[in-house]
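Visitor: Residue strings, one per chain:
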Amino acid sequence: MPSTLSLRNIDRYFGSTHVIRDVSLEVDKGEFITLVGPSGCGKSTLLRIIAGLVAQDSGTVAIGGEAVDHLRPKSRDIAMVFQSYALYPHMSVFDNIALPLKVRRYPSIARYPLIGGLVPGMRQAREDVAREVRQVAAQTEIDSLLARKPGQLSGGQKQRVALARAMVRKPAIFLMDEPLSNLDARLRVHMRGELLDMHQRLGATFIYVTHDQVEAMTMSTRVAVMLEGRIIQVAAPDKIYSDPVDIRVARFIGSPEINLCPAQAKAGAVQLETCTLPLAVAANGPVTLGIRPENLKIGGGKADFSVKARFERVENMGNEALLYFRSETADTSRLVVRQSAPELAALRAQGGLDGVMKLSADIGNILIFSSDGARLPAHGARSAKVAPVEAVQA
Amino acid sequence: MSTANIVQTVPRRLGAIVPQSVAYAFIAPALLCLFALLVLPILVVFALSFTDYELGDIASSFVGIANYQAAMSSPEFVNSFRNTVYYALLTVPFSVISGLFLAIVLFNLKRGRRLYQLIFFLPVTTTLIPMATVWRYLLHGQIGPLAQLFSALGLPQVEFFSDPQLAMPALAVISIWHGAGFNMVLFIAGLTAIPDELYDAASVDGVDHPLERLFTIVLPLLGPTLLFVLVMSLISAFRMFDLVGALTRGDPYGATDVILYTTYLEGYSYFRMGSASAMTMIFLVIILLLSIVQSRTIEQRVHYQ
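For the record, the sequence lines run as chains A and B.
In terms of my numbering, the numbers along the first sequence are unbroken and rise by one, the last being 736.
In terms of my numbering, the numbers along the second sequence are unbroken and rise by one, the last being 320.
Please note that the accuracy of each hint is not assured.
Which chain A residues stay away from chain B? Per the calculated CB distances, all over 10 angstroms, these [what the hints assert, rightly or not]:
#1 406
#2 556
#3 579
#4 659
#5 660
With beta-carbon atoms standing in for the labels, derived distance ranges [said to hold, decoys possible]:
#6 A/496 <-> B/230: 28 to 36 angstroms
#7 B/204 <-> A/402: 39 to 47 angstroms
#8 B/97 <-> A/437: 37 to 45 angstroms
#9 A/468 <-> B/97: 44 to 52 angstroms
#10 B/140 <-> A/357: 29 to 37 angstroms
#11 A/466 <-> B/108: 36 to 44 angstroms
#12 B/300 <-> A/357: 52 to 60 angstroms
Note that these hints are calculated values from the structure, not bench results.
All C-beta atoms in this analysis are idealised placements derived from N, C-alpha and C, irrespective of residue type, glycine included.
Using the sequences and the hints given, assemble the complete structure.
Guide: Here it is as structure tokens:
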């Protein structure tokens, strides 16, 4: 079966700026795939290329196995939800949702104002449209708002209307451009759940653009991390987190940011305090060690890697705490340790949150990156197998 | 601590407590200007309209509504009222539609939008009286370029400003030329206010034929601007004076007599200020009615928020 959406070698320039660089992506039916990246990385442009609102300069977009490059947005089997919702302010909620259906089913003369109502033989079509609009409105729980204008709705209600307008066409692919970013924090978490419910219920493919890594990690079946116009890595959220192929992915995903310590590689191995970390490739010179905050332990007797650091402050969130240190090594980098509430209590009971402390990590939890940022596979480490297939390296 | 300390007795705004006397002191200059420059003159004109005051007279007497009755039954005033309505009907639709047309065409230009905007706005920046002289030459029956073209084509010579049928339409053409650029700028401002995402949403939803997009998205969203431009054009059509004053002076045979010109003649050529004041009051009522229509409809019908 062909993929629902297939992007092959997409390039796009704005003037002399290369905003999309050789992007390829295969999306299967029913996937919830997130394009995530910092602002300006090209994720919204890529979404608009899929929609047909922007033309790519080279490459192919295929939906359901057929190239759609020559088709206008309305002829592609897609619907889109915009960041600002883009509801038509002069139309009622009902008319907003009905518009995509009317355009497709009514003869064009019947869609003009004033004369539209005079076209005969439209009764059946009008009833069908009204029925489907009501159905979708019921699903999105806005059936009581159909007569209102968008100006009379709250942000959350507008969001639902935008979703309903997308759903009413029953498209194969839903394109969503930061749809939750205009909502307040509480509502955003709530709508996240509703979007996931909707995705499961409809069984459609979702392409979701966000700069919020929490949205990306919590909602997606797969996450595509975009940086500087490229898709750097596409993988399931847990794999993106534990097994990043690039130091930029490792830094972008995960909050607080991954701890980075400089080290030296010699003849294909990194020399640590108590052991050598053998690399699968022969590398020499400076490398960077990456350790997630929860993998860095305080104290620890015999550890594969350890560093002395001065305690600076603690951010307590109740269930867990973030402990900030500054390394005593020459580079004095910042180090963060994530501790659960009981761990923090135990640490305090020992009287030890002061001065210079030893932080340590096991060899299996250390990610090694070369000086140009690429992940270096380590021998014998837990996540030694880095699949370079999905990596598009600079 | 007593609760009296918390109770606010003075209205607070922007965090400051302003005594009412100070507040009134702040609006006093504006109120004074408004009264002295607007309300008072209108009251004086209103009072004069009930007298037989003539310019230069030392005394005058109260005549009741005689001036109004005279104006309503005077063939000159009725004719000038009819001419003004005719002029408005000739100019308003064309200057609004051509302004809208120019705005939509220029708004979608990829290059040179600023240049064309400047070109079409130029007539607005000119003073109408000298421009009217240019137009008089252009439309002149013997030496004008249009007359030359007509004679080259073997058509009869037309003296636009001496033909009762053509004089008003000729004035209307000049006025449309002068006013369309202004309307264009207002419409471009209205178009700029339509968010790009709405056009994107429309093309995803399937509204991508330019004409259909115009009727389903652009025009409804321009509604408030359209109404504003319409009423402003109407008001300026009713206030027409300079073209008639410079070009035709009401001729031929009163075919271009408009309300303000008749009023002006009444007051400053025949010195009948009482009668001119009554005509001015009638004119003011018309403008007032148009303004009320404008603010009412803007509040009720074309309000999307």
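Visitor: All hints are to be evaluated individually against the structure, with a verdict given for each.
Guide: Cross-check of the supplied hints:
| no. | hint | in the structure |
| --- | --- | --- |
| 1 | 406 | holds (17 angstroms) |
| 2 | 556 | holds (24 angstroms) |
| 3 | 579 | holds (28 angstroms) |
| 4 | 659 | holds (35 angstroms) |
| 5 | 660 | holds (35 angstroms) |
| 6 | A/496 <-> B/230: 28 to 36 angstroms | holds (30 angstroms) |
| 7 | B/204 <-> A/402: 39 to 47 angstroms | holds (41 angstroms) |
| 8 | B/97 <-> A/437: 37 to 45 angstroms | holds (43 angstroms) |
| 9 | A/468 <-> B/97: 44 to 52 angstroms | holds (47 angstroms) |
| 10 | B/140 <-> A/357: 29 to 37 angstroms | holds (34 angstroms) |
| 11 | A/466 <-> B/108: 36 to 44 angstroms | holds (39 angstroms) |
| 12 | B/300 <-> A/357: 52 to 60 angstroms | holds (58 angstroms) |
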